[in-house]
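Each chain is listed here by its residues.
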Amino acid sequence: MTEYAIRIKKVNKRFGSTHAVRDLDLDVPTGSLCGFLGPNGAGKSTTIRMIMSIIYPDSGSIDVLGSSAMNNKDRIGYLPEERGIYRKMKVGDFLVYLAKLKGVSGPNLRNQVAEWLERIDLPEVINKKCEELSKGMQQKVQFLAAIIHDPDLIILDEPFSGLDPVNAELINHLVREMNEAGKTIIFSTHILHQAELLCDRIFLINKGVKLLDATLDEINEKFNPRTLLVEPLNGQANFTDIQGVIGMRPMPDSAAFEIELQEQADPQQVMQQILQSGPMRSVALRRLTLDEVFIQQVKVGGGDEAAALAREELSHV
Amino acid sequence: MSKILTVAWREFTQTVMRKIFIIAVLGMPVVFIGIMVAAAFLMEGNKQPPLIGTVAIVDASGDVAIAAKVEFEAARIRSEAQQKLQDQAEKMIEGVKSGNLGSMPTAPSQADNLALRGKVEITIESASADNEEQLEALQQRIREKTLLAVVVIPPELLQPPEAEATDEEALHYSLYVSEDFDSDHASLIRQRLGKSIVRVRAQRAGYEPEQVMAIIKSPSADTKRILAEGGIADETKGDRVLRKMIPMVFMMLIWIGVFSSAQHLMMSTIEEKSNRVMEVLLSAVSPFQLMAGKILGHGGVGLLIVSIYSSVIFAALIAFSFFHLIDPMDIVYLVVFYLMAYFMIASMMAAVGSAVSDIREANTLVTPMMMILIVPLMLWPVIIEAPNGLIATWCSFIPLAAPFAMILRLAAEEPIPTWQIPVSIIWGYICVLAMVWGASKIFRVGVLMYGKPPSPLELIKWMRYS
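Line order of the protein sequences matches chains A and B.
Each step along the first sequence adds one to the number in the numbering used here, with nothing skipped, and position 239 is 239.
Each step along the second sequence adds one to the number in the numbering used here, with nothing skipped, and position 41 is 41.
Rather than coming from a laboratory, the hints here were simulated on the basis of the structure.
Being a predicted model, the structure only gives us computed values, none of them experimental.
Treat the hints with caution; some may be incorrect.
[To be verified] Restricting the straight-line Cα-Cα distance to at most 30 Å, the calculated cross-link-like pairs of lysine-lysine (DSSO-like) are:
#1 19/B <-> 88/A
#2 3/B <-> 90/A
#3 135/A <-> 441/B
#4 19/B <-> 129/A
#5 129/A <-> 441/B
#6 88/A <-> 3/B
#7 10/A <-> 441/B
#8 9/A <-> 441/B
#9 128/A <-> 441/B
#10 88/A <-> 452/B
#11 452/B <-> 128/A
#12 452/B <-> 207/A
[To be verified] According to the in silico footprint, chain B covers these stretches of chain A (three or more CB under 8 Å from chain B):
#13 51-60
#14 65-76
#15 83-94
[Said to hold, decoys possible] Derived contacts from chain A toward chain B, CB cut-off under 7 Å, selection only:
#16 80
#17 97
#18 100
#19 102
#20 280
Note that beta-carbon positions come from the ideal geometry of N, C-alpha and C, so glycine has one too.
Could you put together the complete structure from these sequences and hints?
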């Protein structure tokens, strides 16, 4: 197995006057669980379709599992954003058909399908027509269709959209399980906390340009501004004497203070000293959420306008 | 290849196992036969009112009454009408074959209709009407409905007319009937009386009446075909009629098979696009594999339809021992040209189906295609009449029209130049390859295009995309 499941180099794709993807470089290490983030229209689905060889880049190269997706279709599982099913086909027949198209064969195929349906809490639908299923159930069937052939690389375009929390958790669990079994997984989403919970790697794109490509740890490291949030119980305090503290300022609209630390200070030690200095309602290490990183990056990449758009985007989530 | 077959198998089973398909395919011949039976039943039910009663003939010599007794026999009336109908049917087939529909005989006359389907029982009575009172008395009996009709024959009418006498000089006789007398009945009585008078005239001229009838009856030919490999094949009348029908039946078989299956193919492509299953499929197969699978699957559907219908037809031919009329090679050609026609039309239907998002949009693109396909249907009388004529030969080499034209020519009587058969088949299949190639280019672009339907020009542009 190669080190990278996917290697994208200098890829460009235009649709008429829209430059959907611009000079994109991306490496997805084998066995990683990679979140592919960006606001709507950022170029996520276009990139995924190019990875899948459904559409082709105008320039640049894409290497999937050592060659191209075209030659490795049976080793890739794909859940497109635009999900489809054969409405008149029975669920079992549909899944067997897709599994066969993905190169799975053998007499047990139908039993395997039945087992899988049980695993996703849909044991009784195998002989139902697809159109008889609820939207959420269809979504799970489609997810199953993407992974039924036990692929090495799984690409999920917005896998959680339209799912209730219970089913989202079920899918979440399956994704993690597959990743632990060594599968490389990429999923796109604009729900950032979803990515934060699940991914070990984040890839952020906006307007066809890559803004961020790092592990979650690297992001925490890089975007940790070394700030503490402290709320004293009596509302009055002064922490400027504590070693490592540069300064403090009150937070607007609350009784809390933001405390800035020196570069080399140990946040744990400072927090302990603060606790010793008097009764506290809360003391916390203030870390940037992925939302904030996202907005900050979009701002850097596309200016205030893009950031405003991104912020608006997130407020809908 | 296995993926293509997987797609093909799904397309085949999903189409064939649908209730609507089974009903349509099996139902069509049933409905067709049903309509014919119902029509026959209705015709039977539409019985003419019976013509029963007495016709009084006023003729001094009494000869007409004697002749009329023969001519008004129920069995004679019926058998003559049947003979006439048969002759007309033959003329009709002749007319269809030559494409000369203007000269086609009209439907059976009212009199024949009545003779065939009504009850006719007429008694002839000799009457005299030397003065006005006697005639008045006969007329009174018509009013009282004890007489159907009174016929007054002037004696001169029975003299054999001059050979060069014109219509205006021809004499008339009088026929009295009631006010509400059925016009079909009157027409039958006139027809029989005319024959009776001719009979009397023949007798007076010194001929046997039956002999005269026999003399003027035109004989029918007993055609024998001299076979190329030696010997002579007898041909019955039924043979002759069927021989002309066979090419048309073959062409219709191809036509029905190709159209119903290519239509299914287009519908299923549009469906995959509109329910967005396309992208899922394309993550597993290439657009070409998908298209090829679909074309093969629906080709199987068409072959199934053609074999169901043709086995019904062949079974009927065997049952009536007409199967010798079909050359086994014709069946091979049927398959070869069915497949050629199917691949041509199916690739176009697949391309159109991939490019549009609903059936209405498809219609605007399919219409020009249909125009080309109607051509062989419209030209078939011409092609059968002159299988080696200019039009027939040209049509055999025009894509889309070729398979239809060739099957007509091959099944027609006149043999066509041997070299044209392999050339047309090879050329046809080269066209098939080109069309499948072009369709696959369009298909690849089309399946992921949504929104405004493309114009035919844009479709051609898509072919050039790398």
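Each hint, compared with the structure:
1. 19/B <-> 88/A: holds, 12 Å
2. 3/B <-> 90/A: holds, 20 Å
3. 135/A <-> 441/B: violated, 34 Å
4. 19/B <-> 129/A: With a Cα-Cα distance of about 15 Å, the restraint between residue 19/B and residue 129/A holds, given a limit of 30 Å.
5. 129/A <-> 441/B: violated, 33 Å
6. 88/A <-> 3/B: holds, 21 Å
7. 10/A <-> 441/B: holds, 27 Å
8. 9/A <-> 441/B: holds, 27 Å
9. 128/A <-> 441/B: With a Cα-Cα distance of about 36 Å, the restraint between residue 128/A and residue 441/B is violated, given a limit of 30 Å.
10. 88/A <-> 452/B: holds, 27 Å
11. 452/B <-> 128/A: violated, 35 Å
12. 452/B <-> 207/A: Distance of about 25 Å is within 30 Å: holds.
13. 51-60: With 3 residues in contact (Cβ-Cβ under 8 Å with chain B), the coverage given for the stretch 51-60 of chain A holds.
14. 65-76: holds (count 4)
15. 83-94: With 7 residues in contact (Cβ-Cβ under 8 Å with chain B), the coverage given for the stretch 83-94 of chain A holds.
16. 80: holds, 4 Å
17. 97: holds, 5 Å
18. 100: It holds, given that the least Cβ distance between residue 100/A and chain B is near 5 Å, below 7 Å.
19. 102: holds, 5 Å
20. 280: violated, 54 Å
Hints 3, 5, 9, 11, 20, counting from the list given before, are not met by this structure.
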